[in-house]
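K.L.:
Let's have the full structure, built from the sequences with the hints guiding it.
Going by our numbering, the sequence shown opens with residue 25, and the numbers climb by one from there.
Worth flagging that the hints you see were computed from the coordinates, not collected in a lab.
Misleading hints may appear alongside valid ones.
[What the hints assert, rightly or not] Below, in silico cross-link-like pairs of lysine-lysine (DSSO-like), each with a Cα-Cα straight-line distance of 30 Å or less:
(1) 112 with 155
(2) 118 with 155
(3) 107 with 77
(4) 156 with 114
(5) 156 with 97
(6) 156 with 109
(7) 77 with 156
(8) 118 with 156
(9) 109 with 77
(10) 156 with 75
(11) 109 with 97
(12) 112 with 156
(13) 77 with 155
(14) 75 with 112
(15) 114 with 77
(16) 118 with 75
(17) 97 with 118
(18) 75 with 155
(19) 107 with 156
(20) 75 with 107
(21) 97 with 75
(22) 155 with 97
(23) 77 with 112
(24) 114 with 97
(25) 97 with 112
(26) 75 with 109
(27) 118 with 107
(28) 114 with 155
(29) 118 with 77
(30) 77 with 97
(31) 155 with 109
(32) 114 with 75
(33) 107 with 97
(34) 107 with 155
[Claimed, not checked] Here are the simulated distance ranges between beta carbons:
(35) 94 with 130: 16 to 26 Å
(36) 67 with 163: 10 to 20 Å
(37) 88 with 154: 19 to 29 Å
(38) 98 with 145: 26 to 36 Å
(39) 68 with 97: 14 to 24 Å
Note that CB positions come from ideal geometry on N, CA and C, so glycine has one too.
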Amino acid sequence: MDNTVIIIIIVIVMSVSSSIILCVVFGGLGTAGLIFFKKDSPREFDFSNLKDKSQNRCLDGNGSSLHYGNCQKANDYQNFSLKDKFLKHKASGKCIDSNLNFVDCVFSSWTFDGSNLRNNDTDLCLNGDGKKFFTGSCDRTTWVVGG
25 MDNTVIIIII VIVMSVSSSI ILCVVFGGLG TAGLIFFKKD SPREFDFSNL
75 KDKSQNRCLD GNGSSLHYGN CQKANDYQNF SLKDKFLKHK ASGKCIDSNL
125 NFVDCVFSSW TFDGSNLRNN DTDLCLNGDG KKFFTGSCDR TTWVVGG
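P.N.:
Below is the structure:
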């Protein structure tokens with residue numbers, strides 16, 4: 025009977041600002057390997073519709089409140105951009121804050137990962153139920169740019 029013991033050590037190196045995670049694996053008998061994982065980078069987008077896939081409707085706003093609307097690409101009230109972490113409404117020139125209010129573009133901070141719009145101050149995501157919008161868990165509403 026062989027009494028060989030194999031020890032595996034895993035070292036993970038990652039940086040908050042980096043989009044790469046390096047994983048170094050040391051195996052028994054002098055073996056080693058490197059594994060790279062690429063994190064999703066936050067995405068910015070120019071003025072476009074934001075479609076809630078579960079409701080098949082778009083984020084719409086009048087400059088004072090958010091609501092759902094039937095998706096119309098040429099409607100400036102439904103066009104939003106995400107640049108420099110500001111979620112900006114085209115028709116009003118205002119930004120959406122963590123309380124989902126229209127405000128001057130000073131403190132608002134959002135990140136889009138390809139499906140979720142996350143507020144960086146609260147770490148909550150923009151959600152909706154077909155009637156109203158709210159912030160909450162990031163596993164609920166999936167957004168599509170250009171819907």
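K.L.:
Tell me the hint numbers this structure goes against, listed in increasing order.
P.N.:
Checked against the structure, the only hint that fails is number 35, while the rest are satisfied.
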